[in-house]
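Listed below are the residues making up each chain.
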Amino acid sequence: MDLFLHLWIMIFIYSIFAMSLNLEMGYTGLFNFGHIAFFGIGAYTSALLTLHQIPFALAFVVALVASGFFGFLLSIPSLRLRGDYFGIATLGFGEILRMVFQNEVWLTKGPMGLPGIPKPILFSYRFATLPQYLLLTMGLTIVTFLILRIIIRSPLGRTLRGIREDEIVLMALGKNAFHFKIKSVVIGSVFAGLAGVLWTHYTTFISPGDFTLSETILVLLIVVLGGKGTEWGPLMGAFVLIFFQESLRFLKLPTEWGRYLAPLQQMIFGGLLIFLMIYRPEGLIREKGEGR
Amino acid sequence: MSYILQSIFNGLLAGCIYALFAMGLTMVYRVLNFVNFAHGELIMWGAYLLYLFMGDPFHFPLYVALIPALGFTILLGLGMDWIVFKPLRRTNRLTLLIAALGISFFLRNGAQLFWGAELRTYGFEIKRGWRLFHISMTANQMAIILATLGCIIIVYLLLYRSIIGKAMRAVSDNLELARVTGINAKKTIRFTWIISSALACVGGILLALDTNLQPGMGMINLVKAFAAILLGGVGNVWGALWGGIFIGLAENLSVLFISTGYKDSIAFGMMVLLLLLRPRVLYGSQE
Amino acid sequence: MRKITYWVFIIVVISLIFLPPANSQETYKVGAAIALSGSIAVYGEGFKKAIDLATDEMNGKGGIKGKKLEIIYEDNKSTPKDCVSAVRKLITVDKVPVIIGPAASSNFMAAAPVAQESKVVMISAQGAAPALTKAGEYIFRVFPSDVLQGKGISDLCLKLGYMEVPIMYVNNDWGLGLKNVFVENFKKAGGKVLDEIPYDEKKTDYRTELIRATKGNPKAVVNLTYIVEGSVMFKQAYEMGIQTQWICGSAAKAPKLVELAGKAVEGIIGTYPVFSQETKEYQAFRSLWTKKYGDAKIPIFGEYNYDMVHLIAMAIDRGGYTADGIRKALFEVAKGYRGVTGDKTFDQDRGVGSEYGVWTIKDGQIIDYKK
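Protein chains in written order, with the numbering used here: chain A, 386 to 677; chain B, 23 to 309; chain C, 457 to 827.
Keep in mind the hints are simulated off the structure, nothing from the lab.
A couple of the hints might just be wrong.
A partial selection of chain A residues facing chain C, derived with a Cβ cut-off under 7 angstroms [claimed, not checked]:
id, residue
1, D595
2, G643
3, Y645
Where is the CB? At the ideal position from N, CA and C, for every residue including glycine.
Kindly generate the complete structure, drawing on both the sequences and the hints.
Below, the structure is given as structure tokens:
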């Protein structure tokens, strides 16, 4: 039963993370490969604040603001870059941030990580047990989904999609593409931070090793596999991949095989990414009007 | 003072290795117009293949083992192109980037599967180095410098004194026009991959000789190679050479001032800065 | 809308696979989250041998109240976050009441809150950081805290006449903790710390740190290092022609270090928590080891792991197979217990005490250092 609950909690957390990336990547066409940095900023901020006895409600808000703020900072210089260079620049930013987490030991305790992160307490209700935490994540996932759905179906969302399709035309119509791109990145960063907060209070331990390239590839795969630019895509992708990953992790194998499991799983993910790019870049759930 | 001299020497050494990586990476970029994110894994596999052929069950001596190591790395590079990049030849750069990320991930974990995540070495006997002008250097390090020089000479001869080199330059300038004049684009592309993979392999082996082997060694050095080609101008082979040396020096000299933990992020930082500051890359013109 | 309900249904059904199966109880299961891969695996392989030795010995004598002891190993991959998930898996999936914890202090301390919160006992046989058992009353250690070793290293430097030394250390809880104790003691005794150089684990190239440490040619350098990192550093130091007296802590006192670094580690000196090798407990342990493994190359900390398994077995026997029972029983059974590594009575912080001796490497062998 514990495993079942754990699985769903992880699926929901990654759904939020994937939905946030989907806004940037799927709808606006911005391939932000450093997205994990905002997940990390949200996570570390909330972890550090709650470890210093700041109440969760406040820490939560500060974490989200921090993620959004850094998203804003990142977007200003890098959004001037062309598509693939934007991807590489954001990737670089993500790695630099991870190194900051790793080297600023006075702040983050570096590679040793921060153990004992407290469970969230909202309105004097402590979300300590698994079922309680599941409720929390499920609730926040639904909220995220609804908020993003409203955004996507609004004029803002249409503009973002316009940017993805043909930026020049959009600008000819009088829209300032740059401003909208920033909005997209900031909103995406805020929700990535939200996912980070949920994640860190669940695992109660955070270290720079949680924000490596592997995580970036994972969330990229989730969005691409599920179908980028769709509403249900990220959820679908999260379900398939997290299910796969977490069940492998908890499989009862003879210990000698254990060391082969992780790289094998990652190889499958890499191979899946390649396969998708060649044969089905639209992913599982196709966007409306994109039938092939 | 000898502290600074030693750092400069170490920087030049690292720079030689990065130059080899950068040259290979930029060649593929020239001819195929995208950044092969899996180049790092060619580097890493080159080094590990040598390790494989020198160990069980082959036990070849160094110079003999070099041949299959080079050969298989080249096959790996060609395979990458044929299986993944060729079908995607007509798509946009972003798809190629993601596919390359996938390959990189796949290969990196493949190495981890076979050899584990622990550090490995070639196991050569440790010898004391010499001291010249207050700088200590070992025989391995001399070998690195010589090998790099050798590769540079070979690359020069190939690119500027051979027909295939001319063809490469033609294809990178204008693929359609080159085809029209009868240049076999496919053969040229294949040849480019061969050289790129060979350079990666040699660089990887030299790197492992100087330090150790670990599955992550490709990724970190890819970024350094990428920063180098940005510095020297994308697509410019000699620019890549100087870019590599510069990055090596920058890294080793900067740790005189900042914490050693940030050494690897120097290259990342330079890459990000260059991307942000160089206007040319905004609209992707070549050369 | 129908399509979505269809999908949701499928999804819920598939995830129901993970409802728990029935549990069998023919053995007393004890969890072990040790490093079977990664940089600390060089220590972990030795621990496994020692743990297996103790387990086989117990089971050979009839087990605990007739039931056999079974160790469930989980690989902690030498990183803090994998330690956390290994311990979590042992608690949630295998449901063990007691866990043999990860080796390195940082890794252990990362996982300790998880065990403490789930009220599962976790013990360390090699964690030396002073703050190790701070996480709570379910966390124990059978290895002495570095508060004493820091003073030991400081005394050693002074005794050998090194009044000014730079200190290099692994940048984690163990290195940092030990470094702080050393610096405090050394300064108090009039010594001068020339430079403090932390370095990351798992790096392939330490030359920059080495250059910095040996700036000005100090006569001795204190280096608080592990096996793998130490082997890389000492080899590179040798190649660079660095001549200085290396002074290490207990984590480097391992046959594996000699194996990896060869002549580069000849002559290094270090401290370690000492226990007599003349006692009958030790002799019995050694002959048992030689009988099972064919050689007398006892890996570093092997004796501590052996004692730990015995303590666990006795605690299960006395207190029952529950976490609380084991926890209370540990105090009782350890009181006055003379293991291979000496007296294992737990103090109120759930740690043990020790004396410190000095080791060195001569002709490829680890021997006690005699001036």
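Hints and how they fare:
no.	hint	verdict
1	D595	holds (6 angstroms)
2	G643	holds (5 angstroms)
3	Y645	violated (9 angstroms)
This entry does not satisfy hint 3, going by the numbered hints stated previously; all others are met.
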